[in-house]
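Turn these sequences into a full structure, and let the hints steer you where they fit.
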Amino acid sequence: MANLTIIQAINQALAQAMEQDPRVMVLGEDVGKNGGVFRATDGLVDRFGEHRVVDTPLAESAIVGSSVGLAIGGMRPVAEIQFFGFIYETMDQIGTQASRIRFRSQGRYHVPLVIRAPYGGGVRTPEIHSDSIEAFFAHSPGIKVVTPSTPYDAKGLLLASIQDPDPVLFIEPMRLYRAFREEVPEEWYEVPLGKARIARGGNQVTLIAWGPMVPVAEKAAEQAAQGGVSVEVIDLRTLSPLDVETITDSVEKTGRAVVVHEAVRTGGLGAEVAATIQERAFLSLEAPVMRVTGYDTPFPVPSVEDLWLPDTGRVLAAIQAAMNY
Amino acid sequence: MANLTIIQAINQALAQAMEQDPRVMVLGEDVGKNGGVFRATDGLVDRFGEHRVVDTPLAESAIVGSSVGLAIGGMRPVAEIQFFGFIYETMDQIGTQASRIRFRSQGRYHVPLVIRAPYGGGVRTPEIHSDSIEAFFAHSPGIKVVTPSTPYDAKGLLLASIQDPDPVLFIEPMRLYRAFREEVPEEWYEVPLGKARIARGGNQVTLIAWGPMVPVAEKAAEQAAQGGVSVEVIDLRTLSPLDVETITDSVEKTGRAVVVHEAVRTGGLGAEVAATIQERAFLSLEAPVMRVTGYDTPFPVPSVEDLWLPDTGRVLAAIQAAMNY
Amino acid sequence: MDIAQEFPIRQVIDADGQLVGDRSSVSDDQVKDFYRWLVTLRTLDQRAWNLQRQGRIGTYPPFSGQEAAQVGAVAALQKDDWICGSYRDWAALSYAGVPLSYPLLNSMGHAVAGRIPDEINALPVQVVIAAQTLHAVGLAWSSKLQNQGRVALTFFGDGATSQGDFHESLNLASVVKAPVVFVCQNNQWAISVPISRQMNSQTIAQRAVAYNIEGIRVDGNDILAVYQTLKDVVGRVREGQGPVLIEAVTYRLGAHTTADDPTRYRPSEEEQRLRYGEPVARLRRYLLSSGLLTEDENKQVEEEAKARVEEAVQAAETFPKGAPEDVFNHVYADLTPQLQAQRAEFQRRMQQGGTARG
Amino acid sequence: MDIAQEFPIRQVIDADGQLVGDRSSVSDDQVKDFYRWLVTLRTLDQRAWNLQRQGRIGTYPPFSGQEAAQVGAVAALQKDDWICGSYRDWAALSYAGVPLSYPLLNSMGHAVAGRIPDEINALPVQVVIAAQTLHAVGLAWSSKLQNQGRVALTFFGDGATSQGDFHESLNLASVVKAPVVFVCQNNQWAISVPISRQMNSQTIAQRAVAYNIEGIRVDGNDILAVYQTLKDVVGRVREGQGPVLIEAVTYRLGAHTTADDPTRYRPSEEEQRLRYGEPVARLRRYLLSSGLLTEDENKQVEEEAKARVEEAVQAAETFPKGAPEDVFNHVYADLTPQLQAQRAEFQRRMQQGGTARG
Ligand SMILES: Cc1ncc(C[n+]2csc(CCOP(=O)(O)OP(=O)(O)O)c2C)c(N)n1
Ligand SMILES: Cc1ncc(C[n+]2csc(CCOP(=O)(O)OP(=O)(O)O)c2C)c(N)n1
Ligand SMILES: [Mg+2]
Ligand SMILES: [Mg+2]
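Chains as they are written, first to last, in the numbering used here: chain S, 1176 to 1500; chain V, 1176 to 1500; chain U, -19 to 338; chain B, -19 to 338.
These are computed hints drawn from the structure, not numbers from a lab.
Keep in mind it's a predicted model, so treat the numbers as computed, not measured.
You may find that some hints are simply not true.
A few chain U residues that don't get close to chain S, going by computed Cβ distances all over 10 angstroms [stated by the list, open to error]:
hint, residue
1, Ser5
2, Ser7
3, Asp9
4, Gln34
5, Arg95
6, Ala120
7, Ala132
8, Asn151
9, Glu250
10, Arg265
11, Arg288
12, Val293
13, Asp306
14, Thr316
15, Ala324
To spell it out: a stretch of chain B is covered by chain V in this simulated footprint if at least three of its residues, at any positions, have a beta carbon under 8 angstroms from a beta carbon of chain V; those stretches are [to be verified]:
hint, region
16, 149 to 159
17, 218 to 232
Note that the Cβ used here is the ideal one computed from N, Cα and C, for glycine as well.
What follows is the structure in structure tokens.
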């Protein structure tokens, strides 16, 4: 066991997957010698060679589109999109191709492809780089969406994603890449897709978060506890398919729910979570499901981003509102 | 006043807009001599010439991207995407460009661009052509999303969209193009963006629909009335920004809500509507907000589509479920 | 640079059916086999058109005029090479071994038409213009990485060359030296848009210059030119020379699809003029004038073609409808909990006869 | 086709500062003015790098090495022509009249940096690779439709040429004969990816062949070559000859951005070798050796540059912070009800001092 950051855990997972399975390859912009702009692929080209760790031309649609062919042809591509905000370029190859090949071919072909991308704010990037558009993909049948919030999950979820026979969008919270360390087993392990994690137990309010918002949620829960409110924190881990059972069980217990995400509010995945909760646990609800989210504006310039992003203060206020409803 | 279909009303609106304002131009694939594959632009090239009615190369990103430049440069482009399912190709130029130029330039530039596209099922199209992915754009700040369900609204909303100083995605229910006729005034009029329409009054259940689902909702309401249940039908007309006030007012009165859409269920706009209703009208709700939607699969082949799409039977079942909750 | 000179159109048999090139690498039997295929496919295509007009199938995209380009190219492949085509490439798939009933099943809205039989390495037909060209690059690349010696051949139209994906494909293929053969069927129209409006260049082949790859123009209505050119190219691509761009100059003899009305946008004079050199008539002229085929044999070919097509129509029309709930089964390898619940609800509806649409 | 011969690199002043071409259309004063600009911009760029290292600004993308390509191109434009560049094109914008403080404000995260002053027809810097090339096509087209006589010039990198949007831009521009000048700054790297991996072609200029437009290679470190070439090209484009693709061959002297470490991926030997011919040193050699500038005058130029840059730093660092609630104001022309409510909530939070992040 070593004490690893998320980025190190991802790097280790990639290396192990490539070691174990010669079909696994990594491709994307600057993933080779440079090791990725965040160093997720650091050292891989030296270990596995230029044919398995490929610096592609600067063309995201080509990265995903050729990966679809690679995957059908028997490889297990792990494609990197340098920042999630550039995935707009690949919406067609993801939305109409990668995610529909199994369906279109009635099961003759499938696309075991992982698309990795860093996302979220807090890092003072230029425009577009910090976008959180996971909701697009959660609304796209045929692809799974996964996001870790801890080093342990990062490795285990990434290995499970690479093993998955279907396309997985694996989005990585940029601001947590090096935020903290955690014991991560050396050996291969998988954290199953489709299962949320109870990050903290509690029984008065259910707080649902993912990726970069999990630490914010945990901190808010901590502070709420000091104020005498017991908050359960659910880290979704897989955004599609949603683990409705874990969410529902919790809300049936607590009777209150708050969803937190960085993405803009309208049409964000928080809406789906709220809609589902009120469908499944209507009679348990003491208050409406609250949403604490980015505002309905483009992600702002660095001088404003801290004020724009959900923070513990806003989450606490929502917890209070749910309690006082 | 003439008795027009939706497609005729759209054609008339385009012609009037071009007549009134020399900056208005139409561009897209096959919009010229062919008059568009649905004839929305029929006759326009003869009246306004090849410089204002432009058959573009087969490249959707170029259609939208160049339209952004045209709009900034003083034109008022109305771009056609031949089928909504091909808009995936333009997600970057819409999501990071058209919709953010005003924001990026802090108001120096703006993009008065209308993007028209036919959408929805019921027409036995090949794969992709029938996709309903309005939720992507409702989750994208900086662009408005509009969809008519009647000839009158088609003309009035399209003229309002062309007048709007910001980008508007105007999606047209394919299966209603020629489904029925309605009196449409010859003269210029606008149906304001952002305002829903009460398509039918009622006081026990609120049914929220848009575009192709409005007639289905109306028919279900009709049948429910025969069974003694009074249903109010709201035609959203503008999907972004949502007319939350009209929705909330209705649900506060009825206490029950059912949202209907063709798009796949998870992450559809129905989730946002449901999330909003339970936030705004929690104490009025007698039952959870129900959703009647496409299933979480790609839009199926023609032999299955009628079974896959929401129909009056499914809507009625949801109305009953809400009543019996 | 003189484009016409750099990219001449290769021809073996001209529009009049005269041998104007070398056909020494193609046996008489092979030529006749090609002819039988072209006649069969043309018969199928016309039958499909009529079936649509009778309301027995849905929208159908005819390939008449493009049989030589499709068959000639596929004939140059080996059995396990990859084929990645679009909605109009059913002639290619049929020649590769997909049952003739599949194009009909496709237009009847049967999901099975997407399930290419296991022994054929072809992707389902592609609807999104140019998207398949990137899949071909990936497939070819995967063959290279796994030393499989397979080539990927992708078909696309003249309109497709305007798409960003086309450009990204050629560039990536050139950079990674993927064994891809890009075959553009320049049928001169993209629905109503003529090639002169699609691009401002004389040829599609010249786009190869941008990527430093070989670009070749061939008469796409001349199956021997297509076949011989492709045979040579596929061999070199397989040996590792990198991708090649072929422009097969042909003509869409009819409408874009059964939903299209070309009289709205193109002169019938053009159709008349270009029909003369179409692949089936041309090959027939050659075979008859060279004595390789008698009029009687020709009749027999036509009869056989009709019979095969009739069988295909029968097969399509008696093909069992897929279970509607199959729609849930190929979204992922396993049903998600959501899909499981939705399928159950769907099945309940079906059992309750919930098929009526209102 | 001999690419090297078809697309020679145009040069007026070589790396040693020797006049090797014709500069008759550029006055001595103009050359010296160029030099003052290059020195000022180089000074600014280096200062920005240091400010970032001191934590006074955020991530910054240096343009050192590319000043000649940017300034030379903009100098060939008329006042109301359009400029559409990317994150690295602050030298171009500065020369066009944007205050020198703007690139700093941009890296300090001030929204104002996107608001190009009204008298300059330039788009805000573009982050999405190649997206601006389509905007340039649209702007040029709009100029043509409105008979404004304006040209649009768009800058982009070698990496950008791999994007689908680049291809779609050139094709569309060629088809509609839009008055666009496409200026690729081939600085030989796209972050860590060398041009040899970005494409398998010798030049970027040869891509023009695909679109049947003019393609020109010019020494991008030679401001006189860039300026004279562009002057000629912009004139012809304005007169209606259609778009032109320029490849300005240059070199990114430093890191991709302040967040990048080029020692990970490129040999310092290369940097050493290519540094010699960089635009500022080269022009200085020419001016000194030709007697157009004395060492004393040069000192003065450098002092003036420092002073101007110092002013810019001051201006940036004293620039009033925008009101945070401005974030709501430029999403649409008018606030939607949602944004109105959200802004009100935001303002309440701000008033309650809700600025702490947890
Ligand atoms: C991305 C995309 N845009 C638009 C369409 C609609 N469409 C279908 S076929 C076609 C024309 C294609 O022309 P071409 O590439 O020349 O192929 P052809 O039909 O001539 O075989 C268009 C515009 C589509 N299917 N996909
Ligand atoms: C669509 C998109 N993909 C990826 C990136 C990340 N990125 C920023 S700069 C860059 C390299 C650009 O290279 P080039 O076009 O040569 O321009 P240069 O940086 O050399 O000026 C990359 C990959 C981006 N900004 N946009
Ligand atoms: Mg065509
Ligand atoms: Mg570069």
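Here is how each hint holds up against the structure:
1. Ser5: Consistent with the label, Ser5/U stays out of reach of chain S, its closest Cβ about 30 angstroms off (over 10 angstroms).
2. Ser7: holds, 33 angstroms
3. Asp9: Answer for Asp9/U: holds, closest chain S Cβ roughly 33 angstroms.
4. Gln34: Gln34/U is indeed farther than 10 angstroms from all Cβ atoms of chain S, at 27 angstroms.
5. Arg95: Not fine: 4 angstroms to the nearest Cβ puts Arg95/U too close to chain S.
6. Ala120: violated, 7 angstroms
7. Ala132: violated, 7 angstroms
8. Asn151: At roughly 6 angstroms from the nearest Cβ of chain S, Asn151/U sits no farther out than 10 angstroms, so the non-interface label is violated.
9. Glu250: holds, 33 angstroms
10. Arg265: It holds; Arg265/U is separated from chain S by about 40 angstroms at its closest Cβ, greater than 10 angstroms.
11. Arg288: About 25 angstroms separates Arg288/U from the closest Cβ of chain S, which puts it past 10 angstroms; holds.
12. Val293: The claim stands: Val293/U keeps its Cβ more than 10 angstroms from every Cβ of chain S (closest is about 22 angstroms).
13. Asp306: violated, 8 angstroms
14. Thr316: violated, 4 angstroms
15. Ala324: Since the minimum Cβ distance to chain S is about 15 angstroms, Ala324/U lies beyond 10 angstroms and the statement holds.
16. 149 to 159: holds (count 5)
17. 218 to 232: violated (count 0)
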